[in-house]
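**Q** So the chains spell out like this:
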Amino acid sequence: MLNLHLKTFLVTSLAVTTLAFPVNAGTSAAQKGADIAAEWDKRDKGFGDSRATLKMILENRHGEKSTRDLRIKTLEVPDSSEGDKSLTIFNKPRDIKGTAFLSYAHILEPDDQWLYLPALKRVKRISSKNKSGPFVGSEFSYEDLTAQELEKYSYTWLKDEACGDLQCAVLEQTPTYANSGYTKMIVWYDTAEYRQQKIDYYDRKGSLLKTLQFAEYQQYLDQYWRAHNMFMTNHQTGKKTRLVYSDYAFQTGLKASDLTKRKLEKVR
Amino acid sequence: MIVGVALVMSAVPAQVNLAYADMNLDFSGFLAGDLRLFSEGAANSGQSDARLNPSTVLQLEWNLDWNEGDDRIDFIPFARIDPQDSERSHVDIRELNYLHLDDTWDLTIGIDKVFWGVTESRHLVDIINQTDAVEDSDGEDKLGQFMINLGLQSDVGDINFFIMPYFRERTFPGSDGRLRAPFVVDTDRTHYESDMEEFHPDLAFRYSVVKGDWDIGVAHFYGTSREARFIPEINGAGDTVLAPQYDLINQTSADIQATFDAWLWKFEGIYRQGHGDDFIAASGGLEYTFYGIADSDADLGLLAEYHYDGRDSSAPATIFDNDLFLGLRAALNDAQDTTFLAGVIWDTETQAQNYTVEASRRLNDYLTFEAELRIISNQPTSDPLYSARDDDHLQLRLSYYF
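Listed in order, the protein sequences are those of chains A and B. Residue numbers for the first sequence, in my numbering: 3 to 270. Residue numbers for the second sequence, in my numbering: 50 to 451.
Simulated from the structure, these hints should not be mistaken for lab results. Check the hints yourself; a few may be wrong.
What the hints assert, rightly or not - In silico lysine to any residue, SDA-like type, Cα no more than 25 Å apart, as pairs:
1. Lys94(A) with Ile142(B)
2. Lys207(A) with Glu153(A)
3. Lys257(A) with Gln238(A)
4. Lys265(A) with Asp190(B)
5. Lys154(A) with Asp86(A)
6. Lys242(A) with Arg228(A)
7. Lys263(A) with Lys161(A)
8. Lys263(A) with Leu201(B)
9. Lys263(A) with Tyr415(B)
10. Lys94(A) with Pro112(A)
11. Lys123(A) with Glu117(B)
12. Lys57(A) with Phe76(B)
13. Lys34(A) with Lys123(A)
14. Lys123(A) with Phe232(B)
15. Lys200(A) with Tyr179(A)
16. Lys126(A) with Pro103(B)
17. Lys94(A) with Ile122(B)
18. Lys57(A) with Tyr415(B)
19. Lys154(A) with Arg53(A)
20. Lys161(A) with Phe137(A)
21. Lys123(A) with Asp441(B)
22. Lys67(A) with Gln238(A)
Could you put the whole structure together from the sequences, leaning on the hints where they help?
**A** Right, here's the structure in full:
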């Protein structure tokens, strides 16, 4: 009897503990996660605009490689309730030379997106529902490449741990926008400069889908850190994509009038 | 003196370097081999009976820009050599223009190509460039058009003004060519309504604006119609030929696309004066895309468009008088950019059906393969497509891009 009671007591108190602990820890973990993400966001505020040249190296499971050369212009929209604007222009492979992509990111509303097809000289407004689809056949989806806005995720701090030579805070991030291909992302932020060092992406079934590793960070204007080498591995298909950035320039004088449907049609 | 000469000589290259330091010249293009396979011999007398029609296409492109791309000269010459049809063998300057881009305005002077419109199966409002009709029967290949195009951009929308001082005649297959009317179009017998003939200055204006989910364009064109009427004439050899007649028209148009989630709603409409009685024509439809079908990366799009055209028999003939288009678009979203588009244009009055299947795939960073199947079936003798009843064909294209 006593044993049984003791057992019941133990089971009950254990249940209470396991229930109570995540709730308490959850509140503070959510706050801590939000604070870390806010710090990451704050440190990137005010970059104004940037231009970069980018090489995408796609590798299939047999190790065969193909490359895309493109340029990206990004304009920061100061209103924190709106996302950034970006214009992507392809130079290689040559069959898509001149193809360009204009995106106006929004926080929770669908983004506005247009595609320019040079052979027909046609600008097409396209649906932005396709957030989880591959960008030009790479392992990066549209949502991986469009602006990462603070309000697009909810955050939970999981733990602190070493990441290479640095210390990292590990956050679980859940997309709050519609049509994401991910149930969650686990993101490693280094606590020295609050830069993303690694992201694990979990698919709609909750399985590990991809890992993105950031390398070769460089600082611009004594503030803004950009990774010059980003390597995405798809664990389910074995395919990989490496992004190599060069010629990064900040506050180049880019204006809203440089990122319009008209300029999309005319820019090279 | 010697010092002076030396100074001048050293100064000259320095100045040249300074002036050209900011200039970028890019060269690219493609070389393609086309093979058309016809299922049957030719229906009309004079046409080549060969079932295989090989031809070669070369397009080069030079882009010279300076002022960080705000000033640019583009040059795109094009040539096709078709050993079976001398009319289909042709060269064209697709583009040779100077462009200046400013914050709120831009100016293009020279030969350029401009596309207007939103629908997929008919390009009703697209009128700036003449169709290079020997290239393909879909009307999407265009001849370069000489123009001065001034664009003004503001918060309330964009305005473009076009002056087009020289008209380009449509290309037509020659006597030996397939996909033509029973009588050959003789472009040496072209007639114009304007006394200035091809030098009539055509004018156009377009206003376009983006309002949230809506992309809206309104335009007006005054000038020589890009579509011809045909007048039977007897040529020097005593053969009946068709002489193209290009009339002056006024055309007001609107094109609208609404983008809601995975739905694209599209409308194009025109009101035209100058071709028989004034008439309206409209194309409207929708496209819905299923993204990531069956847990894959592939997208499947469903397209439906309806075409109405109210022109009378004194206007240039159209196949889109009362037609329904149904289509399927698939994109595998793979590294090879594999895409398929299949569709049928179905005449709801004559029951004529015009089937198209298009597929393309990048083989590597330089080579692309495309295939196009065009089948015309069930067309009555009254249908404009009747003369192409035996011209069902598969076209294969291998392109080398550089």
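**Q** Each hint: holds or not?
**A** Cross-check of the supplied hints:
| no. | hint | verdict |
| --- | --- | --- |
| 1 | Lys94(A) with Ile142(B) | 24 Å, holds |
| 2 | Lys207(A) with Glu153(A) | 24 Å, holds |
| 3 | Lys257(A) with Gln238(A) | 41 Å, violated |
| 4 | Lys265(A) with Asp190(B) | 23 Å, holds |
| 5 | Lys154(A) with Asp86(A) | 13 Å, holds |
| 6 | Lys242(A) with Arg228(A) | 21 Å, holds |
| 7 | Lys263(A) with Lys161(A) | 44 Å, violated |
| 8 | Lys263(A) with Leu201(B) | 13 Å, holds |
| 9 | Lys263(A) with Tyr415(B) | 29 Å, violated |
| 10 | Lys94(A) with Pro112(A) | 29 Å, violated |
| 11 | Lys123(A) with Glu117(B) | 22 Å, holds |
| 12 | Lys57(A) with Phe76(B) | 19 Å, holds |
| 13 | Lys34(A) with Lys123(A) | 49 Å, violated |
| 14 | Lys123(A) with Phe232(B) | 33 Å, violated |
| 15 | Lys200(A) with Tyr179(A) | 21 Å, holds |
| 16 | Lys126(A) with Pro103(B) | 33 Å, violated |
| 17 | Lys94(A) with Ile122(B) | 20 Å, holds |
| 18 | Lys57(A) with Tyr415(B) | 16 Å, holds |
| 19 | Lys154(A) with Arg53(A) | 24 Å, holds |
| 20 | Lys161(A) with Phe137(A) | 32 Å, violated |
| 21 | Lys123(A) with Asp441(B) | 28 Å, violated |
| 22 | Lys67(A) with Gln238(A) | 18 Å, holds |
The structure is inconsistent with the numbered hints 3, 7, 9, 10, 13, 14, 16, 20 and 21, although it conforms to all the rest.
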